[in-house]
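S.K.: Letter by letter, the chains look like this.
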Amino acid sequence: MLTPPVFHILLSLSGEDRHGYGIMQDVAQQTGGALQMGPGTLYGCLKRMLAAGLVEESGDRPDPSLGPGSGEERRRYYRMTALGGRTVRAEAQRLAGALEAAKSKRIPIRGGV
Amino acid sequence: MKRESVRTAVLCRVYAILLYAYPKEFRKQFGGEMRQIFLDRWRAASAPRMLFFSEMAKDWILSSSKERMANMKMASLRSPLRNLAVAAATLLVCLFVSTAFLHAYVISSASMEGSLQIGDHILVGKVGPGREIRRDGLVTFRYPTDESKIFVKRVIGLPGDHIRLAGKQVIRNGRRLSEPYVQHNASRADAFRDNFPADPPTLIPARGLDMLAHHVSGGEVIVPAGSLFVLGDNRDDSADSRYWGFVPRENVVGRPLLVYLSYAGTRIRWNRTLHFLGSAPPTELQP
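Same order as they appear, the protein sequences are chains A and B.
In terms of our numbering, the first sequence opens at residue 1 and continues consecutively.
In terms of our numbering, the second sequence opens at residue 1 and continues consecutively.
Each hint should be verified, as a subset may be incorrect.
Unchecked claim - Interface residues of chain A toward chain B, partial, derived using beta-carbon atoms under 10 Å:
id, residue
1, G20
2, Q25
3, P39
4, T41
5, E72
6, R76
For the record, the hints were derived by calculation from the structure and aren't laboratory data.
Note that beta-carbon positions come from the ideal geometry of N, C-alpha and C, so glycine has one too.
All chains should be modelled from the sequences, with the hints used to inform the complete structure.
M.R.: Right under this line is the structure:
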């Protein structure tokens with residue numbers, strides 16, 4: 001089982017490499033603003049995910065929409081590893097199972113999944 | 001726009017200092033990125049930004065203690081005793097420093113307006129009994145008439161000084177003081193307040209009467225040994241030594257150093273926050 005921040009960070013990195021602020025924005029969007037991570041929480045997770053080999057630092061890939069002086073040189077980009085990919089798939093599978101279990105108990109679920 | 005960028009710079013500086021709460025390795029690895037994100041979030045946040053501050057404060061407290069704990073677990077595996085000693089020493093130093101050298105107060109009166117405003121949160125350096133007190137600086141002291149209250153005023157006279165006011169102008173030892181920090185409300189004249197010493201027009205505290213009865217000579221107050229003569233910077237609207245007499249030296253507790261936070265109601269006054277209270281020395285003019 002993954003903690004929600006770790007799961008959502010992996011989801012946000014499964015499409016593309018992102019820097020910290022990009023991850024934060026994407027996670028907020030994924031969860032409809034329900035999961036707002038501060039910088040300390042985000043990098044605490046990333047530290048443990050780096051150590052566990054779920055993510056790795058990718059080479060410099062400056063976002064072209066940001067000009068000089070936007071702090072681009074301070075940003076680092078993160079990429080999901082193969083292990084991270086397997087982990088996020090396994091977790092999504094587990095969540096799908098949990099959802100089925102909830103449905104079978106007639107728990108109402110909004111959004112009609 | 002300019003005020004906004006000053007505010008941003010101050011905030012980023014504060015956040016950079018707050019990052020010291022995280023373990024060193026963590027700060028080294030992620031500090032730069034965290035500062036960048038702080039800046040991004042600050043720029044994206046919409047006024048009044050209370051939500052931004054509360055989120056950042058929560059994130060800072062929770063994640064820094066979490067990282068510290070994680071680090072302590074690692075370190076204590078190596079050397080639990082050393083770790084315990086460091087924690088105990090840190091706690092002792094914090095307690096000692098905060099109580100032995102610094103006090104914090106909130107300004108609740110307008111009597112020092114010009115220098116200190118209602119809502120200013122100030123840090124005061126403790127002044128021991130042996131420490132020299134300089135003229136023209138700010139002091140905090142136990143109000144002689146009710147020692148449970150702490151007042152802040154400006155030191156105008158030291159023992160032996162001859163003090164009088166003529167037309168709101170302080171004359172010390174025959175020289176007029178130029179006091180750029182003083183504020184006047186010219187609305188109403190008051191012979192006693194503006195031309196001091198004189199016969200008090202209304203009832204004033206006993207200590208004030210005692211001063212007028214025993215320490216006035218040649219139209220001047222002469223500050224006795226072991227005492228200070230203090231005035232408020234909001235000169236026309238300040239109850240000070242003119243009314244309640246001298247401050248005994250032993251009542252002095254400290255010297256205001258810094259406004260570390262300033263509120264006007266619920267709004268932060270940024271231009272007053274982190275504002276140092278150096279003693280602005282008045283220039284003595286020739287008579």
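S.K.: So which of those numbered hints doesn't the model satisfy?
M.R.: none
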